[in-house]
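Position chain B against the provided structure of chain A, taking the given hints into account.
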Amino acid sequence: MVLRKDQIEASLQEEKKLIEDGKLKEDNPLDVSETFFRLCEACRCGDLKTCQETITEGVNINARDRFDYTPLILASLCGHFEVVQLLLESGALCERDTFQGERCLYNALNDRIRNLLLSYDYSKSTDPLQPLASHITSLLTREHPQTSDILVAAAEESFRLHKFILSARSPYFAKKLSVAPDTASWKLPSAIPPQAFGIAIKYIYLGEISNDVGGGPGTGFSEDEVLEGIDKISRQLEIISLWDGILESGDRRLARQRRTDEVDKGRNQLEAWFSNNVLKHKIILDTARAENVKWDRNNGVFADVLLRADESDDAFEIESPLEEDPLQRKPERKNGIPIGPLRQASRSPSRDGKPRKSILFPVHRAMLLRSEYFLTMFSSAFREAQATEYLHIISMDCSPEVLEVVLQFLYTEKTDFPLEIAIDVLFAADHLLIEKLKMKAAVVISTLGNGSMSQIPTRLDAAETSSPAPEELDIYDVVRAGWLTRVPRLEEFGARYLAYRLESYIDEEDFADLVRESANRIKGRQETDTIELLDDIRYYLSERFRLRFEDSGLEDMMEEEPTIATEAETDIDGKLPEDEGVDMGSLPNGDAARGDVNSSSGIMMKDGSSTIRTLDGEMVGDELEGDAINYQILLGKIEGLLTRLKLDA
Amino acid sequence: MIAGRGRRIRPPRRGLGTSDAVDFDSMWDVLASSLREIHTKNASKLSFEELYRNAYKLVLKKRGETLYIRVKEFEAEWLANEVQPRIIEELSQTLLLATSGTQMIATANEKRVAGEKLLRALKQAWEDHNLCMNMTTDVLMYMDRVYCKDFRKPSIFSASMGQFRDHVLRTPLSDNPDDQISIAHILNAVMLDQVQMDREGDIVDKSLLKSCAYMLEGLYETEDEDESTKLYLTSFEPEFLRASEEFYRLEGAKLLLEADAGTFCKDARKRVNEEEDRCRSTLSPLTLTKVKSVVETELIKKNLPEVIALEASGVKYMLDNERLLELELIYELSARVDPKKEELRKAVQARILEMGNDVNKATAAATHTLPKPSDQDGDKAEGEEKASEKPVSQQTTAAIKWVDDVLQLKERYDHVLTEAFKSDQGLQTAFSRSFTDFINAFERSSEYLSLFFDENMKKGIKGKTENEVDLLLDKGITLLRYIQDKDMFERYYKKHLSRRLLMKRSISMDAERQMISKMKMEVGNTFTQRIEAMFKDMAVSADLTSNYKRHVAELGDPDPKRAEIEVNVLTSTMWPLEAMAPSYNDGEDRPRCIFPPQIERIKQGFEKFYLDKHSGRQLTWQANMGTADLRAYFPEMKGAKKTREINVSTYAMVILLLFNDLPPGGFMTTEEIQARTNIPLNELTRNLQSLGVAQKTRVLRKEPMSKDVKIDDKFYFNETFYSQFQKFKIGVVTSGNKVEDSQERSETEKKNNDTRGGVIEAAIVRIMKQRKELSHQKLIAEVIQQLTARFMPDVNMVKKRVESLIEREYLERIEDREPAAYRYLA
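Chains as they are written, first to last, in the working numbering: chain A, 235 to 883; chain B, 801 to 1626.
Just so you know, these hints were derived from the structure itself, not from any lab. The hints are all genuine.
In silico BS3-like pairs for lysine-lysine, Cα to Cα no more than 25 Å straight-line:
1. B:LYS1320 to B:LYS1294
2. A:LYS499 to A:LYS466
3. B:LYS857 to A:LYS670
4. B:LYS1259 to B:LYS1201
5. B:LYS1201 to B:LYS1318
6. B:LYS862 to A:LYS670
7. B:LYS845 to A:LYS528
8. B:LYS1210 to B:LYS1320
9. B:LYS949 to A:LYS670
10. B:LYS1527 to B:LYS1262
11. B:LYS1006 to B:LYS1070
12. B:LYS1259 to B:LYS1320
Selected chain A positions facing chain B (Cβ under 8 Å, derived; list incomplete):
13. THR610
14. MET611
15. SER614
16. GLU618
17. HIS665
Derived CB-CB ranges, DEER-like:
18. A:ASN754 to B:ARG1042: 48 to 56 Å
19. A:THR622 to B:ARG1042: 51 to 59 Å
20. A:SER419 to B:SER847: 28 to 36 Å
We put the beta carbon where it would ideally sit given N, CA and C, even for glycine.
Excised from the complex, chain B in its bound form:
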């Protein structure tokens, strides 16, 4: 040192390290005795300041390491000599034996008492240790901050926790090196035992268990205190999960054997909830997901398929008996183990199909038993009409019943879906698929559905509020959604609609329009285009008629006897004309009806009027679809007024007018009538039947009196006819919409297939025009994709169409191309 260096800065009061030897031992003695005091819970007399100062000084004098080691040694000694013996004292022989695998002799109660004793002792020891260590840490705060940080030692707190682990839990109980049983083992066994008791419904001290679990959570395998090395996770949890697995495997087998599906589900759910509760209140939330997955796998996943399939109480039973609560349980459980709920889906789908097929079968039975006799009578014209009248309407009812049944089924499953299955998306699509399957398996679905609409439009919606109508239509539309062959439906719907329109049978035009807009939304614009065109024709015709009336008035033809005419001009492409007169086969020219002169005149007048307006069009009169109002005078009728207004079909009008020319008492045979009117025979017989056979509307007298109309029957004007009504209607038999018989049906199908052929060809050409070249597979796929909205194209049909297009040189096969491919020829 340089002499004379004055110091302005006062040297620190404490010497700085190197030179001065601290009296470590005396300081340590003070500290050690204080630590002992802390452990014996006499800390309140100790001075924090003094202890801290001592520790501080030791660290400052670079004795931190010694201090650290000494404290650790002190703790180890304390734990080994004071704490562990106390716990071993509490350790009863029963537990020792149980853990070492010796045969269990103890009763459950003994076991519980012994276990709780140990747990309590451990809990106490742990809490004491924690308390003491917190205080020790406070005192040694400076050491933790400085020494431990600089030398990267675990804090004294973690170190002492490690001591607790090693000296209390992990020290083998006996000196025998082979016998490694330690408190930790026994603790695990006891805790598992307690959990097992809890599961079996015995009452255990949950908070005690919780604090022991908490202790295990507070201890780590190493002093780094890595979260994943908690003793709880490394030593207890695996054992616990193993035990749980075993328990639930047995539980599952037992339940399956003893209980029905509902009970199983309730129990399973209860178990899951219990385990969740247990993790929260008794063990550690860390285990929650793990033990849940154990329960789910062992109890639910492995047993669920069997439960669902249970004959007497499984899903089928629940569905049939509307056990919504149980279904909900099943759903919940399935959702736990399988996001797709495969098993449940299969079961429910199977049930839907089954029930749907039942409905189909019932309907088929209803329609098939009855037509049989009519088929047999088919050869005989006589009597057939009358006989088939009843079954036909029955068939219609059956059709409507079918739709109703399907709707009911649908409603029921919708209910199940929303109430029990939480409107699960996957299940919903599965349901839809099942519905689609069985509805399309029933070949008459399109027709029946259309009939259903027809029926409702004609009668069903009478007196219903707008909302009810809306609901009804919506239901119908949902079924429409399931129908694949939408073109078939369209065909039928058009047919039925045209009748409704022409016969003015529709109750509400609003409802009709609503229906169309709904269909438009559901199936698309192209689908409803033609139907809309039909409506348009009707509107145009109404205008036309009134125009014509004005025109006639202007002409000033004052003939008072002149009949009024109302014409519906129908665009032939839009209206299913053949369908409306099904008795004519294609290609056969419809014979022109010979109208009575007064009518013929009007007809010609209208034709002239119309063709003036629209040149180049052709009008074909469809007398079979019209009606006429007649005023008839019955000279012999009872009562004052002898005239009646009768509404008849156009044909009937033509027939009746013939009788005007006959002298009183004159007659005509069927043959004569046919010759003079040129009405097709079957139409004629049908009309004559309603005029001369039907009880209430017997305007003509027939000889001989029988049900059937034969070619040489004679018809007289029935002068004694009486009707209590001033106005009445003589309906023509079978004019309504009803189920087709099988012949009609095959015709419809054939026509439909022809249309489809056209559509398919159009689609193929469209695609090929765009792509120029395409392989066979791709072409088929694209065609199907384009057309599915309308119908499900048959692959064979597509192939045929391709062939036909190749023949017509729209396409050609590309040579030597594997797989086969086509090229578009411009």
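With the rest of the complex left out, here is chain A:
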């Protein structure tokens, strides 16, 4: 149901009042910080990279600026599809029947963005933490594999619980269990109704607490007694907010806000516990000795399995230059990398040429189950699932940093990791069958790895120097990783990336290999005979240059036409603007270009030199024509490449 305008305004009014009373937190609080300003700027001009960076820094993407704009509204208004997508994926709210939500939708520049907004659960925004919360709640009822390590006995029921969750969420348990970590059971005071304890447990396990607390006839306790019990237990376990939550009720938005806060708080508690226990207790030792580590089942962090990651052989080879390279373009980004004691600890010995190190993380199967890999592992009859005196050591096929990222995701749903290890994370997530982390890794690669793509003039200027700036990533690896892990987003990203820098890649042998591979992928599937990668590149290429032409306007170009006359140009100038949106492969220019290419290599060479000249700025004053020629040349080169590879596309 769509609300009428006056209804929306009325609810806006109501909302304002609630906010003024301090009852409701504002969905879109005013934010005048520098970071937020940068985010807004990035949303205006479509700078994906900065967006991702600021988001990683932890800016509130649902805040508003001085003009009441939220980043989502800005991005949607300015028509940056990718930015809108990124914001939505990162949890930007766009809720129907709210003032800001409607604003966002009505301001959308085009239908593509509008549909995206609508498709992103426009009517009910999803809580990004929901999967984590529901997993933890499900631990209460999960029968197999068995993960609980403490039994709480109430009058008739008994609860199978997890010490690490109890101690993360309840200060009372934290104290109690730190004193006696091997407690295997806990007895509920008989004065407290089991229902009350059940609710408390549900709360601790991030479940949704209903207003109906139970009790009444047939249960042995009246509702009042249950409520009283909840009061007592929440005080005993020091989870007072449970009691507050039970008392409060009513407004849907307030309830949802409280729920979001609760889950957020729970996550933070888990995170704190994760870093204070799991990370703190990780063991760093020589790989050779890693096998011999023996951890008792009753340990201070209640871990029931050890995950082992070996430092990679070539770790220092890669990392050292990274460390020592003072010419890093954006050194501040290093701050984003969680350089913990681990890395320093692990790195120094490697530099000293000491034997490889391994790191063991004491972890909990209950949390690992979030990955289907571990779920299968612990449900199977293999060694890892057998009960033994000492904890199993499961070695993971990835670097410790990556493993830490994975663990952090599993425990806290948090995913911030630097670009350097993004591809490793991607593979690890693929290996462990964690789809969400995979997507996240893909997002990181495709946003941070993007470079300053939106500033094309800069890029071209950079190319002008004819010594390309240091690349941030091996785009070939990215594309291949995308193929291998079945993330189409990465292939698209790769195509876009290549298209915007085609002049520096087109002649490389690796590029040809990549094209051939792409073609083979399709042949393997025996479908059509187009080459996906090239199609994508052509599409982005047209996007890249069309922007330029549109900027200048048709009339200017018509005036310029007689000055420089190449056959190809006439064609382009005449037709390109009209053909916008049409698949480039079918454009007549393509034919013209092919004619060029096919005539002789000499012409190609000549064209090539003219390009350089254009790029050099020799033909002064006509950047637009230069672009047009560049475009032609690049298309021509693609054709040439295809001919060479004997691929029909």
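What follows is chain B alone, placed relative to chain A:
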């Protein structure tokens, strides 16, 4: 590569595909040995992580296909070399021979043992295979997810299930290409054998069978795992159904030969339940409906008609002996095979008709044997009255007995219907139809039913509670429902009712009214209109009488000897006047009775009073229906008090008053009396009979003393009359409601037909007026449709009426119209 391109992104630790050749063989070796370990149940030492990693790497390096094929090969080899031989080992020679069609030599026990051995071996193999494949699937999860999905291959699990099917079940046992017998064949044969044993009551290992059926259910013809291609469905089930068909055909023939219907039904039901159980506990629920339909067709449907018709124990026997349980069984079985339960319905209907006709016949016999002598005596007036008195009341009893019998029958079948037939709708209508049939086959049903009501209104309901009365009436009404000629019933009912009302014989007016409201509900408003009018007349008359009394009092006629009068003014159209005095034929004017002067005066006074009030009406005095209270003085009577109060009919009063004028000891002959009173002769003789012949009420002395009253008999006032009662009633013979004799009956019918004629004509005109033109067929149909609520119009009568209407120019035939049609003439 462009030199100097710094990399900020670390290259993945694993090379990406193309360039690096994986050491497939070594990795595969690790995997293969692990798979072997899994199959030999040593998996607990294996590391999931390691195996998974190996498989993962192979897939990532595009070796998924090779891996897939290798695993499949491995499984095939394992199954063919390890599993199948083990099963063949368990395969005893007996089974082989049995399956290949050689003469059975083995005893049942040997067969069972051998069969169970094989089944157990197969079950074991299957369970092991499943377990291993689950583990293998876990390890190869990545391959399933990536390789199988991308290349649209069946998952390794389904593939290996296919291997099990091909390499264990379907591999021929001998190398001889003509001998295609495989484990699958033997398995089928063994399972069928076991089922057969189970059916014959031997004990078999059901859970073992179940697990084998389960295995067949888990295997498919193809790797697509289409639900309909389960091996269970494609290979076992058809055989099973064939075997079941054969079994139940024999079973049915045997039962029919050996057992009675009850046993048959019990057995059949038991078999059906057994099969259901078997499907649930031993085979697969998938077969449930199919095998049920086999049992139903072979055992029940094909034999049921014969079972129902069984002479000594069939449905007839059950009905007669109230075998409700067996009837219920029969019903259940019929319901299984035929939603309409045709056979059962026919059988029960036939029985109802038969019994109904028996009742009819018995009643007819009771009424016919007795009237005979009276018919013969009919010519002689003398003695006839007396003689017919008894049979007449007997006839009435017979009528009531008929109704009672029918009701009893009805009750019995209602009982059967609710108890055994679950109040089945279809059967209920069938029952009703049968009842309708035989009730209407009995031509006196309307009359008898009305008599039944009459009897009950007069006597039957005395001392009954309201509920009982209600129940009784309801029963009567149900019979009324079955009667087609409702107009006949109405006629009789009115006749009987009028007597009850006028003679004040009705016990409870409430019951009468209740009856009417019930009839109204059952048959409709028009039906009861006239009856209600009769009640109204009675009420109006009561008012009128009291008004008249007041009127007389006001007139101030102080004659103390003046007789009081109570008049019932009846609307002649509403009351069946002829019916009340049946001895007069139509057209013959009823002779006016000459009242004694004192009465005549009162009569004239009332007439004047009435006609003043309602001018233009005509009052006809029906002296034959009234009564009078007399106070008589018998001078010679014994005892102190010599006066008696006598209640007599109006005619008797007129006669008796004549004797007031006679000198003591004077007499009058019948003829004289007739001359002075103008009472019709037959009425007169009847009254004289009751006054002068009946023992207890002999107020007159007759000479000569005989039963019959002759025209020249002399009558004296009986001064020595004695009655112990102060007040008594001298009834007139045959004044009550009773069965009509055949003459009366034909009269009634004739009258009824006349009425019907009118009704039919009215209906025709109504229809034609509306339709203007209508074909003959349609007209007849509509007429019948309109009138069925009242009676079943005879087609010939309708035709005649049409003719008559045409003659009277209400209708005309449309010329040259085929089929014939009529037009309404305004």
